[in-house]
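Protein chains in written order, with the working numbering: chain A, 1 to 434; chain B, 1 to 434; chain C, 1 to 434; chain D, 1 to 434.
These are computed hints drawn from the structure, not numbers from a lab. A portion of the hints provided could be inaccurate.
The list cannot tell twin chains apart, which means a pair is met if one copy fits it or any two copies do.
Said to hold, decoys possible - Listed next, the in silico EDC-like pairs over lysine to aspartate or glutamate satisfying Cα-Cα at most 20 Å (straight line):
(1) 293 with 74
(2) 50 with 150
(3) 62 with 310
(4) 193 with 145
In case you want the letters, here they are:
4 protein chains.
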Amino acid sequence: MEQNKIRPAEGKLGILCVGLGAVSSTFIAGTLMIRKGMGKPVGSITQMAKIRVGRGNDAQYKHVSEIVSMPSLDDLVFGAWDILPDNAFESAMHAEVLRDRDIYPVKGELEKIVPMKGVYDQDYVKAIDGTWTKDTSLSRWELMEQVREDIRRFKQEQGCSRVVVIWAASTEIYIPRDEEVHDSLDAFETAMKADDRKHIAPSMCYAYAAMSEGAPFIMGAPNTCIDIPAMWQYAEKTGTPIAGKDFKTGQTMMKTVLSAAFRTRMLGVNGWFSTNILGNRDGLVLDVPENFKTKEVSKLGVIDTILKKDEYPDLYGDIFHKVRINYYPPRNDDKEGWDNIDIFGWMGYPMQIKVDFLCKDSILAAPLLLDLALLGDLALRAGRSGMQTWLSFYLKSPMHDDGHEPVHDLFQQYTILKNAIREMGGYEADEEID
Amino acid sequence: MEQNKIRPAEGKLGILCVGLGAVSSTFIAGTLMIRKGMGKPVGSITQMAKIRVGRGNDAQYKHVSEIVSMPSLDDLVFGAWDILPDNAFESAMHAEVLRDRDIYPVKGELEKIVPMKGVYDQDYVKAIDGTWTKDTSLSRWELMEQVREDIRRFKQEQGCSRVVVIWAASTEIYIPRDEEVHDSLDAFETAMKADDRKHIAPSMCYAYAAMSEGAPFIMGAPNTCIDIPAMWQYAEKTGTPIAGKDFKTGQTMMKTVLSAAFRTRMLGVNGWFSTNILGNRDGLVLDVPENFKTKEVSKLGVIDTILKKDEYPDLYGDIFHKVRINYYPPRNDDKEGWDNIDIFGWMGYPMQIKVDFLCKDSILAAPLLLDLALLGDLALRAGRSGMQTWLSFYLKSPMHDDGHEPVHDLFQQYTILKNAIREMGGYEADEEID
Amino acid sequence: MEQNKIRPAEGKLGILCVGLGAVSSTFIAGTLMIRKGMGKPVGSITQMAKIRVGRGNDAQYKHVSEIVSMPSLDDLVFGAWDILPDNAFESAMHAEVLRDRDIYPVKGELEKIVPMKGVYDQDYVKAIDGTWTKDTSLSRWELMEQVREDIRRFKQEQGCSRVVVIWAASTEIYIPRDEEVHDSLDAFETAMKADDRKHIAPSMCYAYAAMSEGAPFIMGAPNTCIDIPAMWQYAEKTGTPIAGKDFKTGQTMMKTVLSAAFRTRMLGVNGWFSTNILGNRDGLVLDVPENFKTKEVSKLGVIDTILKKDEYPDLYGDIFHKVRINYYPPRNDDKEGWDNIDIFGWMGYPMQIKVDFLCKDSILAAPLLLDLALLGDLALRAGRSGMQTWLSFYLKSPMHDDGHEPVHDLFQQYTILKNAIREMGGYEADEEID
Amino acid sequence: MEQNKIRPAEGKLGILCVGLGAVSSTFIAGTLMIRKGMGKPVGSITQMAKIRVGRGNDAQYKHVSEIVSMPSLDDLVFGAWDILPDNAFESAMHAEVLRDRDIYPVKGELEKIVPMKGVYDQDYVKAIDGTWTKDTSLSRWELMEQVREDIRRFKQEQGCSRVVVIWAASTEIYIPRDEEVHDSLDAFETAMKADDRKHIAPSMCYAYAAMSEGAPFIMGAPNTCIDIPAMWQYAEKTGTPIAGKDFKTGQTMMKTVLSAAFRTRMLGVNGWFSTNILGNRDGLVLDVPENFKTKEVSKLGVIDTILKKDEYPDLYGDIFHKVRINYYPPRNDDKEGWDNIDIFGWMGYPMQIKVDFLCKDSILAAPLLLDLALLGDLALRAGRSGMQTWLSFYLKSPMHDDGHEPVHDLFQQYTILKNAIREMGGYEADEEID
């Protein structure tokens, strides 16, 4: 057993959310309720799942916290930044995700979570007017320095031994990777100092600041923020874990399951049309084409990898795949994803599958925030710096370096996740994933 | 490499279908077209999939026939029994599954496939009047003897070195396992000779006859036919493989995928309502409550096993699961399965998924017949007698003996299938499946 | 203007609901809230619609209360019978249809509405155990006398000038019309006195009692209660209006709209499959085949009449129509109706329409109760006794005598409804409805 | 009886289709088959419906041809223009709407229908490369003259006594009404002569030419072509009927039915999301934003008029209505429209309706072409020149002059249609439509 290599989860763990909207407030209010025994952390692997360790006759099913040292929910402390001034209680009430009766019992605790002012550049989120922002005339480097200062202050005031930073804010406009600026740490830092607003997104200030303070950073939106070599280098240099991007919640999660099934059964696919309607702030932001572009790139890649189109050109060589997201205010946080899938079977005969997923965006995302924060911290304690590809299970567009293909199949991702936990717990990993 | 233990697939392989309706005629016509290069065997693992053998740097992806000796499609010969006299061409035209242009090029070959007279007992399929039957006054034992004679004659006339018998006929009424009759081979044979029509279904005559002739027997309907100890004993005694039951085609296949996804993601389930409309002979038969009962038992078990309700009572302890099948003639073979699934996430909040699967029953089933026939024959050549649990991938209600739980998760079933093929091919199997 | 023939709506109007479950409590709580200005009577024609009176240049759009004398919502007083003892507040809370915030402001008023003990015969609603019932050993006639006494007491205690009785309780088992018992008033009264429990349903005791007290009676369930000549005769004899049967709420309402559209466009129909899932008391009762039978008869008739199958045999002569209702507790009052409709167009080519209606049974029914009670009272004041076919707009299976066909087309029904109101208001009716 | 005012339908009627794609070829092939007795004109009012004439005891139900003089299908002759050279047989085969067996019996007749070269300007249909076009360097006026010449030649060669021109080609880009060019006939003719390509769409050349030759013109796409005062004036001047625009086939037809039902029942609406997937040429053209704009304007207006939002602001004052069309090649002509409708009932409680319409665009459109051509000709024979608002029943965006509101409610439109036919047949019209 080599678990002793992992630093134990002692002291308080601070979870700093970038964005204190529907997702973060549902996550925080829920966690507070759960630790009072007034709810269950449904959807959280770290809290509910049992993982097999050992094999054959030695096989045992254990909770994650029985395999590796994990903080209890009582050890968590919450903070946030936002570009609007609502505290966590106001935000939760405004989001209308949780019912009043699931918010009021922790009202006092929520009201104390007042966001720190956010880094704001309207060019990156055209649909929202920030009213609670850091000085927009400052350079990206200066803003980053302010975020570092925020982290240090939070850590000290709350008495945290460790901090994790997790992005749960809007999708920024699409920033294509620019080799000159994004491929080396030096060039990147130079650009920040030169306030190169075209190549340095606000989210990058948070990511760089978090790593500078030794805090793991998780990118929950499809922003390319940490999906560039400069950030990978900085993560290695600072010894901090990073993970991204884009929480895999509803429609894409289903996609990574269904396409795995089609390939397993050798059923062909010639069309996949996905449309979404949602009415929360996320929907509003994604209604702007430049922001949708970021999401679209994140959502489209999924199928081809799982289906192995190059191996099976007769089955998957010609798929018409289209993804649409529509801002639709009547629904608020109740997102609906409607998929039509055109498959074909024996002798090429066509069949259709329609999936209508009436989900709640924040309800699906909240347990992912909890798991990613806790597992990001675990990676830090295990000395695993840089890109955490084993967390791809939670992510729509898993990070991978230039030489590798990401794994999208939900079940293969789960095996990878379990293997990492097994290894950190001193157990043997399963050898193969397909 | 130990593949030499497997007898090579030399000579012709006869595939005898019990029932020459939509499923069988689609299977046969398709196979004939495919071997002319006029179609693809979409949905067939044995023809299209590539399976990893070896590990790490030694990993290779190979077709099944590259791993173990398999007959080519040109080696196949087809025959059938039915209780109606239509030949395979007439049956395919009447089924309206394949288009005329996918039947006519093999018209001549199909017309030569005239069914042998079937074993018929109207008490077992109330909705169909058999007009092409063996003498209904004969005892079950005598009927079985006639089926044996049919098999021998077919084998000789067609010059087959081996034969497989596969049930692709109607669902019979539900015959609960009777310990006195079904649990020992002796008692079972005695009952056949005594013409105990209440406990011996017509399908059992085929199964017993097949094994007597050394032919693997596959049960594609939910009939409990070979799901009893007497048959297991006879399979061991005769050294023949058997597999069943109920082809896993549309809705249940999706169920075994979606429920695996929910459990993987720790999302709770509190309701699952499945309704089907279909208008072919299968639908007509299942409209009779006693026949539906057989199907219902087969369809309902799936979820609980996959979700591990005992391990996760908070998530899966209280699921309301209902399955309905409706005879609906306007659709003919175009089956539609509509599922509504009530799931819950973080803090117990409810969400809904609706899946509408507009499928074609026979198109989904045809490649399963092909695979099961070829893999049943492979098992025979590999000396694997008795219950073939590794074929559960294809079956809605996989056979298992009294001491074991069946595996329903499609992806775990696939791993088991691949492992069996790896082993027969002289490769190492993957150790674990979850 | 001949409106003076109608007695003005002076004094209080008592509305007595048979059954104080989800539907009645939603109706009563809603009405109380609405008259406080805390909600809108959405779905109610009498409260919201404007009807054209006059023609051409004289056309005017007026609210119903501007055309005929109508009571204001402030004039209404509520009472109920039930076989369970919950008061209206408890019932509304238990139903979980309205949110707490839409019940609490009228909690005091609701608590005062305590049900009178109900007439109960378990043979008629097998799924419910009545615990708050009149003496079950009494004869039907004696029970009816007790109900009359209840009505008189309520009227006096509440100071009502008029009373309406409306059935909003369970569907009873199917009682086919028996010519000997149901076709003459004499035979019917004799059977009541002889306590003929097989032919006299509990609901008939309420209907007979209401008429005896001069109160209009509305049948909201599919019970054949007042759909028999004996009741028509008694209604004429007592000068009271009666109307039924079965509130037309969700799926059937849609059906009467869609089939009208198909016929208008001369699109053919060859199949209509309707399935429902619902989890309230109504669903529980309908899960019993004898009770479902009553509902099925009510639901199936709709299409043929609208489509005029005899006039258009090429289009509608061969429709496979199937209706299923499934008890599905996870949904409670949130009823879901899924319809698949197979239509055909030019040259007979098939197309499909699927309608998924996620509705709330009680939300759809509540305004129908309000309208039917008020319009039943209007009929009384207008001296219109007997069967009120002009109220068919609200009813799934409109009453009609032996010589007439019912009108099911929602838009034609609306014209008929408006015409009756126009006439009562002294305006000319439109002449034709198709 | 004043029917004698209508010129009888003597001699041959030429139907000239602009565009010989899926819609036109399905219409023509179908009509030829139907007149051979090999199919039914399902969806056609003129061929199948019976209309009531007379009232009360005098009421009779008659076919249209029994009320007014109508040509028989045998009197019809077909011609077409297109910008691709395929003849009607090739086009029908390529469209894959009708099965081979419904095309081959009229192959010879179809092959003789070779399109005349079309008026083409790629700026108006960016997605299609015309290869069979009139000289693109000619002015709009010269092109119009060529079309006139085409009509005269066709009429003479085919020996037609009358001709109707019907647009069944692509949606052009959106041309907003320009007061200076489009509001007077003089200005319009001047612009044509000056070859003002920005304001004069190719479709306008056909419309002007048709009227010049005394041929009724029908606009089946959403092009604003004849929806401008200049065209109304020219229609009056030439005494020719015109009608438009945009065939009301699938989703919009359903919308005009469902919204009528909601208003009738006083159910509120707060959101309506409509998405379409289709893969034929129409879909390809509409994938270009400028062309979609034309369609969107046509599709969005429908709801508000029917719901009378100004009369019922509480119910319909705030509807979020969005329409999306997606080019999706896997489906070809099999269009699918998915609607999600958010309605609300009693006390404002929300409910949802989802409608999935798997339709065939050309199958729905074909009978509309037949009816509009025959009824356009009827209008001509009845001396009804100018805008034919009574044909709105068939049109998504019915033409109306500046002082009037269009009627969208399908049932009201049908009453208007029937009234016009009644009047032309010498019967009294019904007075009111709501």
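Structure-based check of each hint:
1. 293 with 74: This pair counts as neither: shortest intra-copy Cα distance 40 Å, inter-copy 51 Å.
2. 50 with 150: Neither way: residue 50 and residue 150 sit 37 Å apart in one copy and 53 Å across, limit 20 Å.
3. 62 with 310: between (39 Å within a copy, 15 Å between copies)
4. 193 with 145: Classified as within; 11 Å inside a copy, 68 Å across copies.
Violated hints, listed in ascending order, are 1, 2; each of the other numbered hints is respected by the structure.
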